[in-house]
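Residues per chain are reported as follows:
Number of protein chains: 2
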Amino acid sequence: MKTPVYEERCDLPPGFRAAGVHAGIKADASKPDMALLVSDVPDTLAVGMFTTNKVKAAPVRLDQARLANGRARAVVINSGNANACTGPQGERDALEMGRLTAGALGLAEEDVLVCSTGTIGKPLNLDPIRKGIGMLAEGLRADGGPDAAQAILTTDTRPKMCMTRIPVDGKEVTLSGFCKGAGMIEPNMATMLAYICTDAVVEPESLREAVRTAVNQSFNRISIDGDTSTNDSVFVFANGSAGNAALSPEHPDWSLFQTALNGVIFDLAMKIVWDGEGMTKFIELRAKGAVSDAEADKALRAVANSFLVKTGWAGTYPVWGRIADVLGYCGVEIDPDAMGIEYNAIPVMRGGMSAGTPKETLDAVISENRYTITVDLGTGGSGTAVLYTCDCTEEYVRINMF
Amino acid sequence: MKTPVYEERCDLPPGFRAAGVHAGIKADASKPDMALLVSDVPDTLAVGMFTTNKVKAAPVRLDQARLANGRARAVVINSGNANACTGPQGERDALEMGRLTAGALGLAEEDVLVCSTGTIGKPLNLDPIRKGIGMLAEGLRADGGPDAAQAILTTDTRPKMCMTRIPVDGKEVTLSGFCKGAGMIEPNMATMLAYICTDAVVEPESLREAVRTAVNQSFNRISIDGDTSTNDSVFVFANGSAGNAALSPEHPDWSLFQTALNGVIFDLAMKIVWDGEGMTKFIELRAKGAVSDAEADKALRAVANSFLVKTGWAGTYPVWGRIADVLGYCGVEIDPDAMGIEYNAIPVMRGGMSAGTPKETLDAVISENRYTITVDLGTGGSGTAVLYTCDCTEEYVRINMF
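So the protein sequences, as listed, match chains A and B. Per the numbering used here, the very first residue in the first sequence carries number 1; after that it's consecutive. Per the numbering used here, the very first residue in the second sequence carries number 1; after that it's consecutive.
Any given hint could be a false lead.
As the list makes no split between identical chains, a pair holds if one copy fits it or if it spans any two.
[Said to hold, decoys possible] Taking lysine to any residue and the SDA-like style, the derived pairs with C-alpha atoms no more than 25 Å apart in a straight line are:
(1) Lys281 to Ile399
(2) Lys122 to Pro347
(3) Lys281 to Arg398
(4) Lys271 to Asn344
(5) Lys122 to Pro358
(6) Lys54 to Gly380
(7) Lys298 to Thr228
(8) Lys54 to Gly381
(9) Lys298 to Thr52
(10) Lys288 to Leu362
(11) Lys131 to Gly87
(12) Lys122 to Thr357
(13) Lys298 to Phe50
(14) Lys54 to Ala294
Worth flagging that the hints you see were computed from the coordinates, not collected in a lab.
Only chain A is shown next, with the shape it has when bound in the complex (with noise of 0.2 Å):
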């Protein structure tokens, strides 16, 4: 099987038009903050997977709805109001952002996603969406990725972007997305937004199969403050302009298919931990000797959230005694003298105690700023798991003061 090659781009695949334009909800005119992504194919496949979080903003919950039949053709989106938290009047915002947008476009409603992202609890004021609309639907261009990409940030510093090429049925088909986040959720600015859009011709119940697996290896796998937002979404569209033999686990390319969207979505998830608000340290966590996956997940997941260990990232100390003692408190069978701690595998803990390597080597270690942490619960058990996160700085809390 060929190995994807993965490019930090978002040229679109045939059939797909984007737009980014500044509409006014932010107030700094330099910023962009509407964006626009439509496939001119009829029927194409879209698949949708969106926060957990029971409070969910109106746009979610209109999505929700409208990716029932597995379909759509454009999504519009704003940053600087999640619309979150804003009641009936919400709802009907959302919805009109939808029917400007299908009116603009020449669509039927039930086609058009809606996406929001920002502040919560504000009234989305319709004035500029309304002329953004008009905009966007002015400016759709084929080279419009990159500024669909840019118009869609908040906190985040930079777009994040990631495409790549590969032969199906001998015909190239293109996989090319874009997301926003600095953080698993910043609601007074931001939410994490995810769109990918491929000319593949996929079986609908294949695609949501193949985009479940990659987001479960990829945006279910990070965290920056262990906070989930009410806004939270990832969008896979499928146009199938392509025009190869429909793709199913049946079929010979198959896997590379899945493959390509895994690394596609992978690397977009990562591009959101080096962007993590303040972040100075990428900390990849993993664990062995748990009694069960879950219980690994649930310890790693404990570890990467306390303060005391994130703020120790940020310092120039092996926090590895903080470590132990989230693992003591995290609900998870451990054996407290059988415990182990590496870091990129130089134990630092054995046994429950320090492992007595010098402070010189681990000094190296952490004065890289990307290092791999592996937690050993002890029990002897197989439960494994990794997760990607960040450190927390004093960046961190000035830009979530206020």
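Assemble chain B onto chain A, guided by the hints.
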């Protein structure tokens, strides 16, 4: 019933003596690092409550075993090193620390408790400990409470003391305590420890129950950063020198005694929150409308431990949208369209959306250094809870980076 009056002092009850010295565990010679508290009365009752962390420091395990008989005469404490994650050597060091103290005081080893607080994972150096125990035994004084209160501190900015006197059978009974802690846990530097002494005569089982009641309303209702230490310990000593008829729920002054015990311990717990690392805001969190008290408690702990909520409190913006978000993901039953949030009884969110309260009204509340936030989970249930917490500032990050 008389209302007890609480003072920020630590005058020990008759029959108790204490001392605090610099033994050399901390590098800074101006910082005392060892304390000793002794009861001169044989058969002094002692109750201990300890961390629920599965990773328990060696002295915690020792004290749990020694308190099985409900009696102790002395506790020796060092700050600067937690003697946690130190393996079999740590167990031997804790034993030796107790043995040396018993020898210096002429007590049975089993009557001496041992506490350590400070860095996790570093072997204890017994040289300064040995020297310190000699100095402490010679320096014991009836007015040594404040010295001991000072010597147990780590990242605390000030000693934490509270005392009250109540009449029991017409005799004066003293309850006097001190504690340390600037976070539920700071494994690199600190831990929560508390010591309360009384000269009351109390039935052993009644004392145990009274301590449990008092701790559940106080130390178990606070959170600085959501982390539970390897060393957290609360001790109550009752030496009976007041000579009252033994207190139990049948005694006419029992509820006054329980009230005074609750009051002293609650005051000490609040002093920990007010000295939370880097804190600038004291937040009283209240929940109602939950399906059970347990769910109300779970919701408040999630709010208190959210990075975004805590950093938001440090700022100048009422972060109700972030609180609503946490209520949505924390795993308790809510009605998103019926939830409410109040700041000092002023509605901020009502029916799942903004209550439209003017910004100036909320600004006035959040500019205070202490305010109450009440969340209504909207289920119509009768579950309630309270939790005392604080904000997370850049200073918190700075303190914990190293």
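Go through the copies and call it for lysine 271 and asparagine 344: within, between, both or neither, with a Cα cutoff of 25 Å. Classified as within: same-chain Cα gap 21 Å, cross-chain 41 Å, threshold 25 Å.
Tell me, please, which holds for lysine 131 and glycine 87 at an alpha-carbon limit of 25 Å: within, between, both or neither? within (24 Å within a copy, 67 Å between copies)
25 Å Cα cut-off: does lysine 54 pair with glycine 380 within a copy, between copies, both or neither? The answer is between: 17 Å across copies meets 25 Å, while 36 Å in one copy does not.
Lysine 288 and leucine 362: within-copy, between-copy, both or neither at 25 Å Cα: Answer is within: at 21 Å inside a copy they meet the 25 Å cutoff, but 48 Å across does not.
Evaluate lysine 54 and alanine 294 at a C-alpha cut-off of 25 Å and name the case that applies: within, between, both or neither. Both: 22 Å inside a copy, 19 Å across copies.
For lysine 298 and phenylalanine 50, with the copy left unspecified, which applies at a CA distance of at most 25 Å: within, between, both, or neither? Both: 21 Å inside a copy, 24 Å across copies.
Have a look at lysine 122 and proline 358 and pick one of within, between, both or neither, based on CA distance no larger than 25 Å. This pair counts as between: shortest inter-copy Cα distance 13 Å, intra-copy 53 Å.
My question is about lysine 281 and isoleucine 399: at a cut-off of 25 Å on alpha-carbon distance, are they close within one copy, between copies, both, or neither? both (17 Å within a copy, 18 Å between copies)
Between the shortest in-copy and the shortest cross-copy C-alpha distance, which are at most 25 Å for lysine 122 and proline 347: within, between, both, or neither? between (50 Å within a copy, 15 Å between copies)
From the Cα coordinates, with 25 Å as the cut-off, is the pair lysine 298 and threonine 228 best called within, between, both, or neither? both (15 Å within a copy, 16 Å between copies)
Is it within, between, both or neither when you check lysine 298 against threonine 52 at 25 Å Cα-Cα? So lysine 298 and threonine 52 pass the 25 Å test inside a copy (17 Å) and across (18 Å) alike.
Using 25 Å as the alpha-carbon threshold, which applies to lysine 54 and glycine 381: within, between, both, or neither? between (34 Å within a copy, 18 Å between copies)
Every hint from the earlier list agrees with this structure, and none is contradicted.
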